[in-house]
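Mind docking chain G on chain W? Use the hints.
In the order they appear, the protein sequences are chains W and G. Counting from 1, one number per residue, gives the positions in the first sequence under the UniProt record's numbering. Counting from 1, one number per residue, gives the positions in the second sequence under the UniProt record's numbering.
Careful: at least some of the hints might be erroneous.
[To be verified] Below are the DSBU-like pairs computed for lysine-lysine, each with C-alpha atoms no more than 35 Å apart in a straight line:
| no. | chain 1 | residue 1 | chain 2 | residue 2 |
| --- | --- | --- | --- | --- |
| 1 | G | Lys87 | W | Lys167 |
| 2 | W | Lys105 | W | Lys449 |
| 3 | G | Lys279 | W | Lys448 |
| 4 | W | Lys340 | G | Lys20 |
| 5 | G | Lys20 | G | Lys128 |
| 6 | G | Lys55 | W | Lys299 |
| 7 | G | Lys149 | G | Lys279 |
| 8 | W | Lys449 | G | Lys149 |
| 9 | G | Lys57 | W | Lys311 |
| 10 | W | Lys145 | G | Lys83 |
| 11 | G | Lys151 | W | Lys449 |
| 12 | W | Lys145 | G | Lys55 |
Everything labelled a hint here was simulated from the structure, so no lab data went into it.
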Amino acid sequence: MDPSWITSTGIDIGTSTTKMIVSRLKLARTSSALSLPRYEIAERQLLYASAIYNTPLKGDDEIDAVRLWDIVSDEFGKAGISKGDLKTGAVIITGETATKANAGKIVHLLADRSGDFVVATAGADLEALLAGKGAGADRRSNGTKGAVANIDIGGGTANAAIFQRGKPIGTVTFRVGGRLIRIDGNGTILQVSSSLRPWLEASGYRLEEGMSITYVDLKKICQSLCRTMLDYMSGIAIPSKDETVRALLLGKPLLEVPRLEECMVSGGIGRLMNERAPLTLSETAIHNDIGPLLAHALKEALANYPFRWVKADETVRATVIGAGTQSMIISGATVHLDPKLLPLRNLPVLKLEITQNLLDHPVNLEDFFAETMRSGANLYDTEASPPFALALSGMPILGYSSLQLISEYIVLSFSRYFPECGVIAVICESDFAQALGQALQRRIGPRKKVICIDQVRVEHGDYIDMGEPISGIMIPVVVKTLAFQSRVEVTGSFEPDDEGTR
Amino acid sequence: MNSSIQLELFVNRVMEELEKKLSESPREPMIDHSSTETVHASDPDVVTVKVPQPKWKEGLTELIESTPARIGVWRTGTRPLTKEMLKFRCDHAAAIDSIYGEVNANLLDRLGLFAVETRYGNTENYLKRPDMGRIVTEAGVATLRQACKPKPQVQIVVSDGLSANAIDSNLSDVYPSLLDSVDAYGLTAGTPFFVKGGRVAVMDHIGELLEPEVLVLLIGERPGLVSSKSMSAYMCYRPRNGTVESDRTVISNIHPGGTPPVEAGAYIGTLVLKMLERKASGIHLDV
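Chain G extracted, bound-state conformation:
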């Protein structure tokens, strides 16, 4: 008991000293905790070399530019700098937040997407029972039967999957671009909607219900430490129960630092057209 009080006192003193030091050097603001945005939105074009007096600055810059991984972040003694450690923790927290987050309802309204749910129940269960994220609830099934145009040529579905953040960040760029592309190719899209708590293979259940020629599922990817906003587009020609993974085509890593969202939207339309022309998807579609 006694020793733990001592430790607390010690930590407090260290923090006080640190704060004093930080206030002496106001040139570098601490990470703004109010928004994870400041951490992620650091302009990818501007590379700051954190290594003091690098032997070869241009070479180091080139290496840092070549990867989004945390390289060349410098150290103090054998440990990372507090700022880097906090940034790492912050990115990790953002990843967790996007799993537990919810898609902005206004965004769905604005894009005219109504929502149904899978049998995921809650996020804890969603993580433990992927199978339950592959089936739409009975209420959802009834809604889809009533609201959706059956046997559409192209069915577009949006789901939060493992990152609500991904949908919030990219849907307003990818979705209209995809609609334009579908339209430009003279294809017709069915009634679009949002599935809460969806897994990729929810495509099969929806396929059984609505019998689309091609289904496009825009879904949040498993968040990583580089981006928690990455979205995938899974596409399948006539998805039905028993469809295997290799029948699906995917464009992944859709976010401003990866596959460019608007271009992805336009290209998904091209892939849909090819699937309709060749009546195939996944490994059976040569692109």
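So here's chain W without its partners, still in its complex pose:
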């Protein structure tokens, strides 16, 4: 089959700026003609990048929906595409903007208006990952032995993603950003974000609105801020022993800080690092904030750490390019589903790990499925169709009899806890979706529908979107990953005796 191209968009609504891109993705068969078909995104091309707009706000805690839509629709017009052209994409709301009162509503509205399979996303971890991919840190790490970090620093937060040999291994967020302290050209402090105050206090700095500050003192604060962040990233400072690190971390720390070989910086600060260093307060305050000074303090600080600073492929547009080109994956091509059921949005994932031990003890396997479905029935709407996606991982290869056993227990437990549900959705990590899907369909009967896709790796607590098939067989999938850190806790091994104590 000839490779097909699809058009994708990315829209990033950040703390200080909003931007969008249009890209096209080439889908091509990557398996040989003698193998089961497998399609992947073989190429990503940036077609159009919008200007960078200030994020339109109404007052302090609301996004101006009307002006935002004007910007976006105007840019779609300039890019020469209409809603029908867009096959996929992601709207991401990042940094402090995500905390605005109407953020959730806006991002869904924008996604719906932009195209059928444009998804709404938010979350610091996903933001860090998309920025890291947009900046090229994942590709870069394929050429290095050690890990490569990208720190995307915008107005309100710094999102770091770490990649090793092309794979993401962790994300972490800091309260570091160019607009956390706002000043004017004379050094008068206009505003200090409440997000930064704990760190300022822990570090012994006193900054109040209306105070005056010198260039030298402001630079010291910026240097100190960068040091705290980089001390953590290089493993020198440990949150449990260092109050300043604790005060700077937003959310959970990394499970383990890997040895970094290279570090790149994207986002607005990444761009400012490539510009001329500000030498005075008035040069610093061109945007009425500390951005330029923070950028150059960071550039100087990076020279003192054992990892190399490398330039990011993209700086201020890293996140939006990541959202527009990296958020979608393609399911395995041998699947079982009725295309009429697609697209499906925001399916929560319930994950099950199947082990050889469970297969050897069918009684435990049966309990395992029953327990999972029971917890699913407590968590999700039992009348939604489908209420969630059941993710199976663990066994790379299953025999016919094991597959029959698994499908038997899935259908039994699903029918018991979700009797009203007309659709069951299953996501397999390994390649057996069509076989499992047909086994499920035989058991569940013709009145109920089965969606079974594979070769998609999801984690407990993720949300998944499935789009309409492209060229009939390629199912586009967007996995909305939650924190790396939370994974270990929720995907712990199953203990049947645990039920009473939970």
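Structure of chain G alone, referenced to chain W:
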């Protein structure tokens, strides 16, 4: 004569010394010769790096994971380690064994497959005369005429081909999955059977005899050093005498380390459906 006795004595002494050394270090068991299984079934997910003190362990692991070929197996002097050499010989022996092996009769019984033969005669002749593996014996023809439903929509045939081992290992996963798939698409299968000593083009002779719309032949592949258990599924729309190779569609490398068997079974059903819909196979079928 004299020198050959000396050599024998020398070899014996070396072996004695080796055995002494091995018994001193019992941590690594020798390859279990009782079953080739232990060699092949080494879990593909667990990569053991055999290079002592590699400069970059993660990188080497990544390379080893990327291929089933024998890389990073280490050496002694300029030669391979005895253990690797034995493993190589063992895999080679398994390949030869699967050519000379016979398909488990119980398996065929359990799946309800009766057997007919081609004119291959014996394995030596089978290897020398591929043409004889393409024709069913006269007795076989009579059996097929009598036992099989004529002009079926889908005819499934199983053959040992060059690896009986492939059939023993994969048929019980591929075949029922394929039947389920055929059934799920609302298609009907004819009377399935087993052909001993078959070549791929035996499809044409069977096609002439039974006139199926689509024929699926599950056949053991030429064994290799990575796997001796690899099976192929050859599919053809209306195979008849004179069918050319490019008219056949194939899914190959079916074994637990390659194309997953149960998924292959299900997908073969999809291909059969497409062949029936488009009345074509091979290069004429765009999939």
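Hints, one by one, checked against the model:
1. G:Lys87 with W:Lys167: holds (33 Å)
2. W:Lys105 with W:Lys449: holds (31 Å)
3. G:Lys279 with W:Lys448: Holds, at roughly 31 Å.
4. W:Lys340 with G:Lys20: Not OK: Lys340 (chain W) and Lys20 (chain G) at ~70 Å, beyond 35 Å, violated.
5. G:Lys20 with G:Lys128: violated (46 Å)
6. G:Lys55 with W:Lys299: Distance of about 32 Å is within 35 Å: holds.
7. G:Lys149 with G:Lys279: Since the Cα atoms of Lys149 (chain G) and Lys279 (chain G) sit roughly 21 Å apart, the hinted pair holds (cutoff 35 Å).
8. W:Lys449 with G:Lys149: Judged against 35 Å, a Cα distance of about 34 Å means the pair holds.
9. G:Lys57 with W:Lys311: holds (28 Å)
10. W:Lys145 with G:Lys83: holds (31 Å)
11. G:Lys151 with W:Lys449: Given that 35 Å is the threshold and the Cα spacing comes to 33 Å, the pair holds.
12. W:Lys145 with G:Lys55: The given pair, whose Cα atoms are some 11 Å apart, holds under the 35 Å limit.
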